[in-house]
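These two chains come separately, so use the hints to put the complex back together.
Top to bottom, those sequences are chains A and B. Per my numbering, the first sequence starts with residue 1, numbered consecutively. Per my numbering, the second sequence starts with residue 1, numbered consecutively.
Hints are all accurate, no fakes.
List time: in silico DSS-like cross-link candidates among lysine-lysine, alpha-carbon distance up to 27 Å:
1) B:Lys134 <-> A:Lys25
2) B:Lys223 <-> B:Lys299
3) B:Lys521 <-> B:Lys431
4) B:Lys456 <-> B:Lys505
5) B:Lys68 <-> A:Lys79
6) B:Lys566 <-> B:Lys311
7) B:Lys111 <-> B:Lys134
8) B:Lys134 <-> A:Lys79
9) B:Lys521 <-> B:Lys497
10) A:Lys25 <-> B:Lys111
11) B:Lys299 <-> A:Lys79
12) B:Lys359 <-> B:Lys521
13) B:Lys68 <-> B:Lys432
14) B:Lys521 <-> B:Lys505
15) B:Lys4 <-> B:Lys43
16) B:Lys521 <-> B:Lys538
17) B:Lys538 <-> B:Lys356
18) B:Lys311 <-> A:Lys79
I should point out that these hints are in silico values taken from the structure, not numbers from a laboratory.
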Amino acid sequence: MSAARPLTATDPTGTHTISVFVNNKPGVLVRVALVFARRGFNIESLVVSPGAEGRFSRMTITCSGRNEDLGQVVKQVAKLVDVVHAVDHTADSAYSVEIALMKLECALDERTHILQIAEHYKARVVDFGPKALMLQAHGSSEKLDALTELLRPFALVEVIRSGKLLMARGEGRT
Amino acid sequence: MDSKAPTGGEKLIQCLEREGVEYVFGLSGGAAMPMFDALVDSKIKLILVRHEQGATHMADGYARSTGKPGVVLVTSGPGATNTVTGLFTALMDSAPIVVICGQTIAPMLGKDAFQEADVTGITYPVVKHSYLVKRADDIPRIVREAFHVATTGRPGPVLIDVPKDIGQGPCTAPFTDDLDLPGYTVPSRGDPALIAEAARLLSESRRPLLYVGHGAVISGAGKAITTLAEKLRAPVVNTLLGKGAVDERHPLHLGMLGMHGTAYANKAVANCDLIMAIGARWDDRITGKVEEFCAGAVKIHIDIDPAEFDKIITPHVSLLGDARLVVEDLIPLIEMAQTEAWLAQCDRWRRQHPLKYPKRGGLRAQHVLDRLNALTQGDAIVTTDVGQHQMWAAQFCLASNNRHWISSGGAGTMGFGWPAAIGAAFANPHKKVWAVVGDGGFQMTQCELATAQIHKVRAKCLIINNNYLGMIRQWQELFYDNRLSGADLVGNPDFVKLAEAYGVKGFRIRRPADVDRILRKAHDYDDGPCVVVAEVVKEDNVFPMIPAGAAVHEMIIEPPRQALAKPTGST
Chain A
1 MSAARPLTAT DPTGTHTISV FVNNKPGVLV RVALVFARRG FNIESLVVSP GAEGRFSRMT
61 ITCSGRNEDL GQVVKQVAKL VDVVHAVDHT ADSAYSVEIA LMKLECALDE RTHILQIAEH
121 YKARVVDFGP KALMLQAHGS SEKLDALTEL LRPFALVEVI RSGKLLMARG EGRT
Chain B
1 MDSKAPTGGE KLIQCLEREG VEYVFGLSGG AAMPMFDALV DSKIKLILVR HEQGATHMAD
61 GYARSTGKPG VVLVTSGPGA TNTVTGLFTA LMDSAPIVVI CGQTIAPMLG KDAFQEADVT
121 GITYPVVKHS YLVKRADDIP RIVREAFHVA TTGRPGPVLI DVPKDIGQGP CTAPFTDDLD
181 LPGYTVPSRG DPALIAEAAR LLSESRRPLL YVGHGAVISG AGKAITTLAE KLRAPVVNTL
241 LGKGAVDERH PLHLGMLGMH GTAYANKAVA NCDLIMAIGA RWDDRITGKV EEFCAGAVKI
301 HIDIDPAEFD KIITPHVSLL GDARLVVEDL IPLIEMAQTE AWLAQCDRWR RQHPLKYPKR
361 GGLRAQHVLD RLNALTQGDA IVTTDVGQHQ MWAAQFCLAS NNRHWISSGG AGTMGFGWPA
421 AIGAAFANPH KKVWAVVGDG GFQMTQCELA TAQIHKVRAK CLIINNNYLG MIRQWQELFY
481 DNRLSGADLV GNPDFVKLAE AYGVKGFRIR RPADVDRILR KAHDYDDGPC VVVAEVVKED
541 NVFPMIPAGA AVHEMIIEPP RQALAKPTGS T
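Bound conformation, chain B alone (with noise of 0.2 Å):
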């Protein structure tokens, strides 16, 4: 053996440092050690987490706040399932996260060994590629591929599975930047007959809606669209992923559109002649019911995944390729469209349906968060979990900025909110980072409370609670006839004792005049991380609301005075 060659286990560390990587999340076990071990003598900062599930959260935070890939270290066995939530999460938000497993040694493979589970068959469905390491020596281009595969396109999850031999034998391969994936192409630049087919269609619509999604986040397409919907005089909606491609306080831009979107972005939805997908992907969440979606309009779409061209929409224009450089191509063909009364229409539609909470009868989550959206102005990056907070968040907090909004939203993962915060503080040290989360949620993921004090991460974590889960009372209110089942989270903690027994600065908000002084107070504590808990009324319902399966224009508005049928779509 050469004695100079480094173990597998040093290469796969220094290929990181080379990828650029400055945080591993991780949790360490038996057959991950020659990596945990490669690591005290790296500049590469290791956080040790206090579950693998909020490693893989932190990594996706880290991740879409920065664009970088985040990076997760741990063991074999359990430490590697725990990934699967994390894994499935960012592949289904297209987050760029590359998780890096023990495994146990090679020949024991399939033979039952201790800790020893079949990771990249448990994974396939769940990540956008996967390595099995068979040679030390192919270290380095399965590094250097993983990265590549997991930033570029439509990104995505990559697992990495090293048996402990080959993290312990030595590596005499080199660096390279050669990459071994002929079935492997990216899209960039659209076909020109396309986007000029798609140029005329625009100019020539009298209602154009500009439909913006996650894929124009991660293109860094915002600009450009904002440019765009400037120049063709047509309004913007977006996702619950696509807030922040295009400030949401523009007044071109109408908001969240979909299942709990603003009214009037509905209403745009349901009236316009053409809508125009940027990194969309027609979610059902979006179309409702999907034969009566934009039924008239003219499609287009945009996207870098041609697999999401006639998946659920059959679009008049399929045009593959980066949302920014599509759009950029776009802006000198297109014409001033002639909008001026569609525009009109949808500020009539934006005054008479307006979003509301009300303004008496105990603490409200809307007036919360409608506070902090005052307070931050659009500046902080915020997380959330999933639930009425999510969507309620969603409808108040405005973003303004490219990667300043970050949602489990195709997954729907609780417990994401909280560590996926405190990546994007490890990423971003000078900005404000709140977490946004539900009792339910918050109590999937806050042992990470002890990793955020570890490090003093400034994350705040904004915790309403109404001692439900309350999406799902929710729904069982409004078509199971109240019948409330696994709703109720009665006996749980007092969360700001709970934040108290980690070392945590815990405020509490309990009434309306509370909140913007305590708002204030944790926005402005440098210490370390924080946690507030608002004490919300416990029944409070998300409106506006499309009942899933339902079609756009059957949107609920207002409090139901009747019961509803049931809904007919997914979940």
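Next comes chain A alone, as it looks inside the complex (with noise of 0.2 Å):
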């Protein structure tokens, strides 16, 4: 219950992180959706793998809608019978993490720069061909946000991010 407050943020939309334990069962992932859906949620991102024991899997789903229903997408989510149980994780102090891979077109003469950024947000080249690079970089979501927005003008052909991924810290539920 208390997980499930709606938010207090004058924005009255705002996007939100929302852990969901469940069982690792087919069709979880569309009853989880539906969810967001009716109440005209936008799941921005969304992260899906076994959880410690096989037989459940964790979801990290960062989404956009009305702060006000938020609660309520939680506790309906929550009622799912093959829902462990939903947290909201937007306002307290997870760990969370995100990576990126970026592709940027140029010629090995206007590297440069990208190289530079690259370096300044600790990103690593994992392909460097004649015409194109790679990029892998990780970290919270706003630095991945911020290194997308500098390399943008460089050629930046394709973005994938893995969304991101929560844990709770100390022996906090995730």
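Here it is, written out as structure tokens:
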């Protein structure tokens, strides 16, 4: 209950991060996604992987929608029979990280600035071809947003991000 | 293959027997044949319906009149998709039904096989839970879980989709009582600290009101609520689906609240200083304009479903638990509140604004239902369809007993009333069962006259025939300058002749003077189903009325003299 309290932000819509612990079964993702869709929430990113016990999966969902509806969405997700628990982590200090791959199309002699930026953001070059290079970066979602904006002027042709991975700190339940 | 092992279909039917199932309401088809074949050797009685929607409402009527789950068995594709309306109806009104569908063979899933539909996919939003069976050996566990989930907590519909090869193949797994439901918990007793807080607020209130919903019916909380109301000296109102939990003839009972509730119930709502919802969900039919609903009053909410808290109303105290257990725990903590002035005020409203209808100008639905009420004295099970007749029945047919009033509330499903009455009559062979339906809704499931007649089910169908979709016509008259669009049911059949074509006894009421005599005849008719057609005045409106989205105090008690603004509420 306490985890499901609506946010008190002044912005009526916002981005939220919700962790959902579910049975690892076919169809569970659809059931969860339908709750978001019915309340007009857009799922921005979604990570699903098996939990410590293989019979369960953990979903980390970032979504945008009306703050005042969020508590209801979390409760309706938690109510699904296949959902063990659902927790809103938007306002707490859980550890989170995200990985991004970025492809830039540029000739060899145009890469000095790109590599400077990459170094500053501790992004690794994972593919270095004659006409394109690929960077791998990780960190907070905000850091990856900033990196993307900096690289956009340099023929950034593809970006893929893992979506936010999140875990509660200490002994807290995710 | 072990020759002794039952088939998946046989095991499934044996599991139903083990759950105590008496009746299966169904319609056969290719993919469901393994289960239908197994029914031949079962003590479970198959009730062959004429349309799958009818089967779901029969199971729903069976379930709501008993508290036991109703079971439906249909085939794949269109057989299964025809159950969607019934699943939705059961979900909205928290009715425990289990729908078992045949499905194409597992290797053909997703390959557009004949009569293949993605039934689990189609039904996700209208079930409490569902299963697509992948291994025959999962059948015993899945059936046990399905019945557990359907009937516990906030009840609801559960669907089991069974591919034909799994129904035909061997099942070697034993029966089981083990549940694998780590994400499913059933609240029971409430938090003692919150109960104490609620008791303090109730005892301090001068104008308390108990607002009783379907959750009170489901948990059997009526007796406890009556004790609470008497101890506290608090008036009681109920929702459409809460009828019967507390005897509506009790002196503290003010009848139904909400859009077409009694004026005195709604005046009590608008003037109370504390309102306690017991298994009710602050539906838009109840609150009208939410911002103005009981704005200054303390709100307490008892519910078994935590997702109902803060959904429409943010209560001062949210009490998670079973309605009966929570109210029972409240009773010893309650002190009699000082409510004499409040009760006197409620009684003045009751005298000033009684339910009434014109006694002249032809046969009135209200008159027929008022006399049906006098005849049954709250002892019959009454089901309804949806529309004007439903609201008049809710106003005039007072429910005195739990599970004696069955109506499609949340979904508002036309075509519900008649098959629901058939299901209730199967479950209660020694009770009088009356369906009150309109001419519009009746025609959506009238084919179940055949089902009722074949089994000589003693359900009685009172058709309030005004040759209109009456509630539509009422709204168009009041809010759309009487520009009627899609409301006129010109071309209705002669319903008495229609009944007779099925071999069903038909009665007709044309004049007010005939009402008592013919209702009595139908009430005493015991040879099977019967139909009573009341040919009522074409144009009549349900009042009181709170237009959708209006505040409770804006209630229209009598027919308005001037045009009304279009309602702002949802529907």
